[in-house]
Amino acid sequence: MIGATALGVVIIVVAVTAVVWVVGDQPTAQPDRVEHPVNSELIKQARPDPACTKLPRAKPSGSGDGRLSVIRLRGHCLVPETVLVADADAAAKVDELRKQPDVVAADRAQAAAPPDFKDYEGGDGKQFEEPARDSLGGDRLLGLWPEDGPDVRVAMIDSGVDATHPELAGRVVATRDTVLGTDHSRDHGTFSAGIMAAAADGQGITGISPKVQLLDAQYWRDGGDWGVTEGVNQPGIADEIIWSVDTGARVLSVSATQVEGTSTLTAAYEYAELNGVVAVAAVGNCGGRTSRDEYCRGRDDVMAQADQPTVLGVGATADDTKKADYSSANRTVQLVAPGGNLGEAWWPDHPLRSTCVNDPGRPRTLCTGTGTSFAEPQVAAAAAILVARHPAAAPADIRNALIVSTNRDDLDLEPGQRDDKYGYGRLDILAAVKYLDDHPPKPRPEPPVIRAAARIGGKVELILDSAKLVDVQQVAQGGAPPSFAFSADGAWFAATDGKRLTVVDAYTGRQQSTECACSGVAFNPKNLVLTAQTRGGVKIAQFDPMTADWTGTTYAPKVSGGLDGAKLVGAAGDVALLTLSQGEYANRLIAVWPDSTAITLDDGGLPFEEVVGSAKGRYVVATSPQSCPRVFDLEKSRSTGEPWVWQFWPYDDFFCATTMLAHFEGDTNLQLGWLSGSTTAQKYGCPKPAGDQQLAVTGRLEIRPFQPSREPADLPWKDLDCTASGVWSSDSGDQLRVRVEPPSFEPYKYTIVRKKAGGDGEQKLAEHAEDVVVRPR
497 MIGATALGVV IIVVAVTAVV WVVGDQPTAQ PDRVEHPVNS ELIKQARPDP
547 ACTKLPRAKP SGSGDGRLSV IRLRGHCLVP ETVLVADADA AAKVDELRKQ
597 PDVVAADRAQ AAAPPDFKDY EGGDGKQFEE PARDSLGGDR LLGLWPEDGP
647 DVRVAMIDSG VDATHPELAG RVVATRDTVL GTDHSRDHGT FSAGIMAAAA
697 DGQGITGISP KVQLLDAQYW RDGGDWGVTE GVNQPGIADE IIWSVDTGAR
747 VLSVSATQVE GTSTLTAAYE YAELNGVVAV AAVGNCGGRT SRDEYCRGRD
797 DVMAQADQPT VLGVGATADD TKKADYSSAN RTVQLVAPGG NLGEAWWPDH
847 PLRSTCVNDP GRPRTLCTGT GTSFAEPQVA AAAAILVARH PAAAPADIRN
897 ALIVSTNRDD LDLEPGQRDD KYGYGRLDIL AAVKYLDDHP PKPRPEPPVI
947 RAAARIGGKV ELILDSAKLV DVQQVAQGGA PPSFAFSADG AWFAATDGKR
997 LTVVDAYTGR QQSTECACSG VAFNPKNLVL TAQTRGGVKI AQFDPMTADW
1047 TGTTYAPKVS GGLDGAKLVG AAGDVALLTL SQGEYANRLI AVWPDSTAIT
1097 LDDGGLPFEE VVGSAKGRYV VATSPQSCPR VFDLEKSRST GEPWVWQFWP
1147 YDDFFCATTM LAHFEGDTNL QLGWLSGSTT AQKYGCPKPA GDQQLAVTGR
1197 LEIRPFQPSR EPADLPWKDL DCTASGVWSS DSGDQLRVRV EPPSFEPYKY
1247 TIVRKKAGGD GEQKLAEHAE DVVVRPR
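In this note's numbering, the protein residues as written are 497 to 1273.
Treat the hints as calculated values from the structure; they're not laboratory data.
Among the clues, some could well be false.
The calculated label-pair distances, taken between Cβ atoms and stated as ranges, are [to be verified]:
1. Pro662 - Pro943: 35 to 43 Å
2. Pro662 - Asp933: 31 to 39 Å
3. Glu592 - Asp906: 51 to 59 Å
4. Asp967 - Gly639: 47 to 55 Å
5. Thr1136 - Asp635: 26 to 34 Å
6. Pro597 - Pro939: 47 to 55 Å
7. Pro662 - Ala554: 36 to 44 Å
8. Gly666 - Pro546: 15 to 23 Å
Capping the alpha-carbon separation at 20 Å, the derived lysine-lysine pairs in PhoX-like fashion look like this [unchecked claim]:
9. Lys1260 - Lys1245
10. Lys930 - Lys917
11. Lys955 - Lys1260
12. Lys595 - Lys540
13. Lys1245 - Lys955
14. Lys1132 - Lys1112
15. Lys1252 - Lys964
16. Lys955 - Lys995
17. Lys1054 - Lys995
18. Lys964 - Lys1260
19. Lys540 - Lys1112
20. Lys1035 - Lys1022
21. Lys1022 - Lys550
In this text, a Cβ means the ideal position worked out from N, Cα and C, and glycines have one as well.
Let the sequences and hints guide you as you build the complete structure.
Printed below as a string of structure tokens:
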């Protein structure tokens, strides 16, 4: 990383403070790449999840002057931690940690070097020339982003981004919760961010890909030993990479410098690769006869952040497109991009221009600078453009497109040939786009999602979208039927038999179980598991799905009567939904808010078969066998203190149902479906299509803002399928369908089939099921 100078209104002011030292004319011999041991099987069990970034960050454990970095698998989360140990015991402790079953990687901690931007002054908002960007295509680059392109997040693993800078307004969508550095250190990251994403508004500068979303994954922390402060985990950049993947990054822009390789760094990059994240890193500024960076141990030194098989290492060219003197030449260079040029007397000759921490007195502050740190974000921006055009592309597809399309003019490089100065050639964004458009990648496989659950002979089976079946352990057979619940994204399933709580992770298949006097189960929007408990009064207990550990309790002191029959039957946003059973025809439905406010929504009727909340938690639909569905508005109920309810008119179709399923699409579109067996249909004289032994009726009801519609829209028989009943269709067009098995005498039994796209062929997934629960979509 190279020092910055400030761009004034008219005069360019230079302030160079970097360390200068001379090394020999010959490059330092490159050490062999070290294979760092990681537990790849545990990495495969991890799944990116924003909830992982909210887990409490443990303080360093142990004692001593030595610092070890550890990554553990907790549920499906990779969790970094720091272990302190006496220096003499460090090697033995690393070996001990690597043998622990939940440790993904462990190694001596290696901090990343601090950035060296120091002084700056304000600039004005006029538009400046950008020769480096012009050499890559200029404003033609703006037309490469598709009009309907998806959001693409790029993680700036750097020294921090000034999100208040007018050129970057609205582009920083998440910032890592860490100890932030000073303005001086944040200049470097803000400079990198401007090269990538500065607004295309005719003022200041324009980024390569202004439509990207930025994740500020600041690695540098002021204070302590190279930024390691008490209570802050993991020096180096491994935890920033993990945070970025969990926060939805598709591209990593790594302009930090970690000198030594570690198993934790290797594990973090492997996690990114497995989850479709393209990694781009600067190769460092240790080239030429004179090195400007204090972290260089010798000429063309190898830096760990780029010395990885899945990373695109980026070197820098000077203004004349030749290799910049400072740019390291070694095995990590995969391609080069403009990095600016410095003259012989260390006076900037053709530097890059970009944003630095904004001076409110002179908005749109710009600086000048040079370095591989600033060539790198140009390649990362190109990767983001390719991802926007081809969201299904794997990292290997993006790397290949950027490499095979490089410009090799005047570089003495044949196609496919690489050297240590230029890698495979100079970045050519327009050619890379054309190559990937002409060679579109194959779609990536969808992550596992739970579609439904069935109880058969006391055993519980999950049905995934792939039609794979997963047996749920630790659910007692016999006795009362267990309660089931799904997380909204289909990633988690929970079941309780009243004695134990079991949580299943669809992605990894891991199952966690704990003893729990639980009654009913549901998930809230944060994917915490909720259940009711009645000892000492009604309360809502929360559990962490990753560990099945208790995390908190909400008490409902005003709920009384029939406590032994209290059961959690659902959740609408943060509101828990309880039923109190006080006899066969006296069931109460109660809403309990996190602040313990409780309102009775319905105080009498048949047992509720299904209670479902809308996406934002405002509406609730409750169904009962052979009864009319009811819709509740929680917002109005809370504001008035009285239940707001609307009940369907008693259509004959409802009384023909043996089971009813309901779900919301979004917050206001309610879908209802109900099935009936032939015996029930004959008993009630319900209509039945000729030649079909099963009656299936579906309807849709749109709840308009503040006032629900009273008319469900009935579908023609030829259009009926079970999707309106809450059974899922996959992206391929396959469907899961629920059928009542004839002859359908009580107790009813159900069959789940997978219907192939186009209606040809069926696959039975479950037969003779006593209970079927379909995940609302």
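Here's how the hints hold up against the structure:
no.	hint	in the structure
1	Pro662 - Pro943: 35 to 43 Å	38 Å, holds
2	Pro662 - Asp933: 31 to 39 Å	34 Å, holds
3	Glu592 - Asp906: 51 to 59 Å	55 Å, holds
4	Asp967 - Gly639: 47 to 55 Å	53 Å, holds
5	Thr1136 - Asp635: 26 to 34 Å	57 Å, violated
6	Pro597 - Pro939: 47 to 55 Å	34 Å, violated
7	Pro662 - Ala554: 36 to 44 Å	39 Å, holds
8	Gly666 - Pro546: 15 to 23 Å	20 Å, holds
9	Lys1260 - Lys1245	14 Å, holds
10	Lys930 - Lys917	26 Å, violated
11	Lys955 - Lys1260	17 Å, holds
12	Lys595 - Lys540	18 Å, holds
13	Lys1245 - Lys955	14 Å, holds
14	Lys1132 - Lys1112	14 Å, holds
15	Lys1252 - Lys964	15 Å, holds
16	Lys955 - Lys995	16 Å, holds
17	Lys1054 - Lys995	26 Å, violated
18	Lys964 - Lys1260	12 Å, holds
19	Lys540 - Lys1112	32 Å, violated
20	Lys1035 - Lys1022	19 Å, holds
21	Lys1022 - Lys550	10 Å, holds
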